[in-house]
Structure formats: C-alpha cells, structure tokens
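J.: Below, each chain spelled out in residue letters.
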Amino acid sequence: MNQISEIKTLADLKKKQEEVRARITLRDRAESPDSLVQVKVAMATCGIASGAKEVMEYFVEELDKRCIDAVVTQTGCMGYCFAEPTVEVTLPGKEPVVFGNVDPEKADEIIECYIKDGELVDGIIPQNYNTI
Amino acid sequence: MIDLAMHMMDIVQNSIRAGAKKIGIDFIENNDEATLLFRVTDDGSGMNEESLEKLHDPFYTTRTTRRVGLGVPFLKMTCEQTGGYLKVQSEEGKGTFIEAAFRTDNPDCLPLGDIAGYLTLLLRANADIHFRFTYNLDELDFTLDSEELNEQGIELQHAEMLSMVKQFIRENLQLLYRDRSPVSYLC
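Note that the protein sequences, when read in sequence, are chains A and B.
Its first residue numbered 23, the first sequence is counted upward by one per residue in this note's numbering.
Its first residue numbered 104, the second sequence is counted upward by one per residue in this note's numbering.
Looking at chain A on its own, in the form it has when it is part of the complex (with noise of 0.2 Å):
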C-alpha cells in the first residue's frame, strides 16, 4: 500500500528530466524526418478497441531501447479495420508499408526483421503494390 512515489509535482518531473539529461548524451537526430523511419499507428475507434495502445506503447519504448531514430505517430483509420491493430512502416527512401493484426510480438518482428534489415515479414496488407 504504501507504495513510494516519487514523482507529484511538475518540479519533481523537472528533477527527473535533469537526471536523464545529464546521463544521456543526445543520440544525433537527423535533421530532416525523410531519413528517419517513421511509424504510424492507426488510432481509429476500430484501432483502438482492439489494442492500438499497447502496440504503439510497444514501438516507442522498443525503437528507443533498440537505439533506432524513428518518429512514432497515430493516424486515423486506414480503412482495414478487420485487420487492426495496422501499422505503416515507411524505411527511408521507400513507399509505406502497412502490416495488419499487430500485437507487441508482432511488432518485435516487423522491428528486428523489416526495420533493422528491410525483410518483409507476414501480415502485410498490399494497399498499393504496382504490378510488373
């Protein structure tokens, strides 16, 4: 019960913010947001009510602990709510990519196997292919 808290006050948040600045040194964030990879995670009611938060939770902590410059934002539906949660992967220089029925495992793949090495993993929905 008596749980010890530590953080109440703006002032204690400002502490905190101090500790984390003085312990790391700012990774280098490219300028420009072409050159990172961004993530968006579609935050429609049909997202949401199946688990949107979780996974996007997922990729800001993983993407941060990984040491991987990415913006992480919400979108609206993109129109597949059978397959939600949907995340669009843009890798810099490439078109989207959008993966469907994603859950924190899912995520961990679409990280270590699409992000990190641009092998495409299952789940994706082909929203905007070209044919040959």
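Treat the hints as calculated values from the structure; they're not laboratory data.
Please note: incorrect hints may appear among the correct ones.
On the chain A side, residues computed to face chain B include the following (Cβ under 10 Å) [to be verified]: (1) K30; (2) L32; (3) Q39; (4) K75; (5) E83.
In silico DMTMM-like pairs for lysine to aspartate or glutamate, Cα to Cα no more than 25 Å straight-line [unchecked claim]: (6) A:K37 <-> B:D244; (7) A:K36 <-> B:D248; (8) A:K30 <-> B:E251; (9) A:K30 <-> B:D282; (10) A:K30 <-> B:D129; (11) A:K30 <-> B:D241.
Cβ atoms here follow ideal geometry from the backbone N, Cα and C, with glycine treated the same way.
Start from chain A and add chain B according to the hints.
T.: For chain B alone, coordinates are given in the frame of chain A:
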C-alpha cells in the same frame, strides 16, 4: 471500447483530424450528484448543422475509406446506458465542444481505464498541439498542460521521460481517486 480512456483517445483523435491546435480534455466528477462529465473542447474545423444532425448516426462518416463511423455513437451509448447524456455543440470554422455525462452510481458506468497511458501517447505523438487536461473531483483538481511541460524543459521524446510523465499523471490521479465516494462505480 471497454473503458473511458479509450473513448477519450477516440474523441480526441476526431479533434486532431479536424486540424485542432488547442485541445482541452476535462473530467469533472461530483460525489454528491454521482456524476462524471467528460468534455473535449477544440479549435478545429467544426461542423455545419447538417453534419451535426447526422453525427449520432453510425452510418454517417466523412471518411471515404469505410462507410461507418462508430466513435460518437459508442460514446452516446456508454453514457446513456448509465442514465447520462451526450451533448455536442459545434460551429464551422470555430471548433467543437463535446460533453458526455455519466451517472457514477449506475453499475453500467465504464471504468476510467489507463488515462495516463493514453494521455502521454497523445502528448508524444502530437507535439505541435497544445493539450490541456484537467481532472476535477469535488474541490480537488489536477491539471496537465503541454505548454507548461515545454516551459519546464520536459522532453517527451526521451522514452524514459515518457514513462516519468505517465507516472506523474497516474500518481496524481490516484491521489484524487481516494476522495471518491464509496457508492461510485467508477474505478
């Protein structure tokens, strides 16, 4: 939609899509009256009377990607099932105000859920939007203003700070919740 935090994310997402730059999110809980008001105020594009009329229709949406729009009808259902109401005011070009009232002495009242988690994600993913969140329980209140955080130099782009901010919100809300009346079904 199993908790109110999900509804919060959903309704705020509507404001973001309407191009809002300033979004107010308020929870006002009253022990004596056993009510909870959930309000979202934005300065987005607003709606004309025709859209406003069709808003409660689940088969109305401005999207072209699908033919249903369930966000607002779901919220209407969850507040009306407790004996509450949903009120929406909007003016084109000015913004929208939405108020959902819940009766907290009704067992059908949904739990609040992870408000802190959703709120930090909103702040992090929409750094260019000014969010002002308040939770009010009788005389107690807690306010989180994204501009205040910026002024204090708090950077949500650090994943570590994100969890600190989440903890900050969670602890302050839990402090408020202690004053909740025992007859309330909110949790």
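J.: Checked against the structure, which of the hints given earlier come out wrong?
T.: none
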